[in-house]
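Protein chains in written order, with this note's numbering: chain S, 57 to 473; chain X, 57 to 473.
The hints are simulated quantities; they were obtained by calculation from the structure and are not laboratory data. No incorrect hints appear here.
Intra- or inter-copy, both count: the list cannot distinguish identical chains.
Computed cross-link-like contacts, SDA-like style, restricted to lysine to any residue with a CA-CA straight-line distance of at most 25 Å: (1) 437 x 163; (2) 186 x 259; (3) 75 x 370; (4) 434 x 405; (5) 260 x 239; (6) 118 x 363; (7) 125 x 109; (8) 186 x 163; (9) 434 x 163; (10) 263 x 285; (11) 437 x 90; (12) 118 x 341; (13) 434 x 457; (14) 75 x 177; (15) 434 x 363; (16) 75 x 164; (17) 75 x 194; (18) 263 x 182; (19) 125 x 138; (20) 118 x 128; (21) 186 x 260; (22) 75 x 391; (23) 186 x 126; (24) 186 x 164; (25) 260 x 355; (26) 434 x 455; (27) 263 x 282; (28) 186 x 116; (29) 118 x 61.
There are 2 protein chains.
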Amino acid sequence: MATAVTPPRGMRDFLPTEKARRERVLQRIRSVYRAHGFDEIETPVVEDSARLHAGLGGDNEKLAFAVMKRGLTMDALAEAATPLDLADLGLRFDLTVPLARFYASNRGQLPSVFRAIQIAPVWRAERPQKGRYRQFVQCDIDIIGEPGIIAEVELISATAAALEALGVPGCSIRVNDRRLLTAWLAAFEVPDALRPAALISMDKLDKIGLDGVVAELRAIGVARADDLFVGLHPALEGDESWRMLDHAVFAGSAAAADLRSLRAAAGEIPLVFDPFLVRGMGYYTGPIFEVAHPDVGYSLGGGGRYDGMIGRFLGTEVPACGFSLGFERLIDLVELGDEPDDGAALLYERDADLATVVALKNELVAEGARVRLLARPKNMKAALELLEAEGFTRFAVVSTDAVAEAAALDWRRLNDR
Amino acid sequence: MATAVTPPRGMRDFLPTEKARRERVLQRIRSVYRAHGFDEIETPVVEDSARLHAGLGGDNEKLAFAVMKRGLTMDALAEAATPLDLADLGLRFDLTVPLARFYASNRGQLPSVFRAIQIAPVWRAERPQKGRYRQFVQCDIDIIGEPGIIAEVELISATAAALEALGVPGCSIRVNDRRLLTAWLAAFEVPDALRPAALISMDKLDKIGLDGVVAELRAIGVARADDLFVGLHPALEGDESWRMLDHAVFAGSAAAADLRSLRAAAGEIPLVFDPFLVRGMGYYTGPIFEVAHPDVGYSLGGGGRYDGMIGRFLGTEVPACGFSLGFERLIDLVELGDEPDDGAALLYERDADLATVVALKNELVAEGARVRLLARPKNMKAALELLEAEGFTRFAVVSTDAVAEAAALDWRRLNDR
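Please put together the full structure from these sequences, using the hints given.
Shown next, in the form of structure tokens:
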């Protein structure tokens with residue numbers, strides 16, 4: 057049965073070097089978030105199908121992998137009105153829907169302002185392409201129960217600190233507020249009914265450019281499509297961008313005051329006001345944000361306030377706000393320092409005493425080394441090169457007459473062979 | 057849409073305290089295994105359905121959660137010969153089938169003797185019951201490419217070291233060899249055809265007792281069922297157990313020599329020879345082992361040699377051997393020491409300056425503290441109790457006139473309020 061042996065389409069195996077790097081990066085993110093007062097939680101990888109398809113996941117709902125009911129009969133197949141009738145569970149497509157469910161399930165045991173870390177894989181059945189996978193890791197922090205802008209400040213501070221700890225400098229954080237977008241559309245007489253579609257078009261500014269967006273807006277029936285972009289030039293830097301908040305449409309609004317407080321409290325974190333930042337998900341209700349990096353054309357993460365969402369699970373309104381880092385987009389930019397690691401390889405002769413070889417290994421492990429046993433190979437050069445590539449730093453040969461004392465071995469550094 | 061908000065049946069949410077404990081335990085296991093020369097890898101949580109149902113998973117195959125093909129039409133439902141025709145993927149039910157597939161996929165990039173760590177969840181649609189879950193974590197180490205007993209010695213040493221690092225003392229490791237079981241059955245004239253069923257019955261010794269096993273063996277047609285258990289008394293301790301290996305049926309066999317080498321090299325690890333240890337899976341071919349703990353009636357983990365399995369994916373025989381710890385069974389027994397943690401809570405007045413509060417937080421984080429912000433609550437007592445329960449050690453109130461300097465605050469210990 058020598059079948060084709062690739063991982064499922066659009067999914068990846070991680071070999072030792074890559075896995076170790078991923079775990080180090082995740083550990084560093086986790087540790088920064090924890091220092092910032094967030095607590096890690098975990099939910100099952102599947103959620104009830106009805107919950108995943110409740111309209112909170114936007115387009116991602118269509119990309120969910122469905123898990124079939126157990127014990128299905130042929131009769132059940134015949135009676136199904138749609139294929140989805142045969143599924144009762146699905147793999148989560150984000151960490152926000154599971155968080156809302158988690159909070160509703162466990163609210164009684166959580167602090168009144170709950171700061172959650174979720175670092176976990178999600179699954180989307182997208183058409184695989186470069187840099188886009190069907191299983192990928194997201195790093196989310198969320199604050200549930202805090203209505204004030206201090207929640208946004210904590211999320212942005214923790215995210216900026218994580219990026220700094222990962223050696224990804226030069227990021228800026230673009231911010232906007234859904235309430236300002238609404239005010240802007242209202243000021244240019246875009247009717248309520250057209251606003252969701254108008255936002256979807258405006259969200260494509262980076263992809264299709266100003267002319268493309270204006271054309272789309274006209275096509276859906278926005279009469280003053282050109283006017284929307286006159287007098288405001290998005291993608292400006294720092295101070296200059298914040299002057300746009302003085303525009304008559306924004307001035308004096310609660311949203312503008314919130315964004316100004318946010319900026320003052322964020323200190324040295326470079327925040328850019330971008331009046332045309334939209335963020336895709338329909339559930340945002342207040343401030344929204346996105347991480348931009350000068351070297352890449354996509355955002356490294358984003359988030360915002362979604363005050364209405366928890367209520368849809370809980371039946372009671374609870375304010376909430378989150379920030380998600382796209383781990384797979386981030387990891388290639390990360391610069392980790394060297395990790396001090398005493399890697400010792402024992403190359404034993406095939407007829408060396410087994411108990412002696414094992415005792416030597418255990419002695420080294422007890423001293424804090426990472427130890428690799430290896431039968432002494434014919435091709436020493438290749439074996440030593442591989443050990444060095446795997447991060448081992450020294451080696452010794454264990455001959456048939458070796459004694460069980462590591463200090464008695466003839467140790468050599470791998471890097472000065 | 058306030059729906060029922062529990063996790064899917066048989067699956068669990070992990071709240072902060074439990075999640076932190078689980079991560080600490082996993083981190084400690086990971087670190088011991090790494091010191092013993094193993095390298096962590098990761099595979100996708102799903103594998104191709106055909107691969108999961110290739111007969112290597114035993115009864116677990118029936119418990120696999122199936123993932124439906126995307127874009128199914130009603131025609132596809134009508135044409136399906138069995139419900140499984142509608143699935144192309146499934147959630148893995150163990151880490152061994154994915155490892156065999158991983159090795160076949162990536163062999164060219166792996167060392168000739170490959171030591172793998174896999175610490176990851178698996179899924180089985182079992183009837184939920186106390187201590188048995190539908191999503192649970194396994195911690196596996198495997199050595200692929202080493203035919204000699206040194207592989208078993210390394211697996212057992214690393215596992216014993218992990219148990220010691222977790223503060224789970226008093227474990228013993230029961231060992232046997234499938235070749236000895238075969239010799240034993242042959243000596244009592246159990247025909248080839250009956251042996252798999254006979255092994256399944258013998259595996260129930262702990263559950264249904266000697267009389268129960270003998271009755272089952274008779275029922276399946278084993279003529280000398282009584283004789284099988286005369287002259288050998290399982291579950292003996294240490295030295296006494298090893299004397300059973302002198303029995304005429306075992307004496308002089310390669311398997312007996314291997315087990316004796318294993319014992320000699322294992323040093324102080326308490327190994328018990330148990331001639332009736334079977335292990336459930338059909339793929340074992342040589343030594344097998346299981347971790348017993350005096351306080352619990354179930355094994356904490358087990359493994360063995362499965363030389364034929366990789367070949368079924370690869371087309372070439374490759375020796376392999378593994379040891380799996382049942383994390384969910386283990387975690388309740390683990391005794392971790394205290395973790396030094398400077399947890400500082402800032403209780404800010406609602407009208408305190410936001411930028412000052414945030415600057416204070418960032419200063420403490422930079423000093424290495426874990427910092428939690430909290431609006432000063434009406435019920436201070438309850439809030440302080442909760443902070444202490446969450447591991448915070450000190451607190452200070454940030455009043456409206458506070459300055460942005462943490463040392464200027466009036467710090468108090470949470471544990472001597």
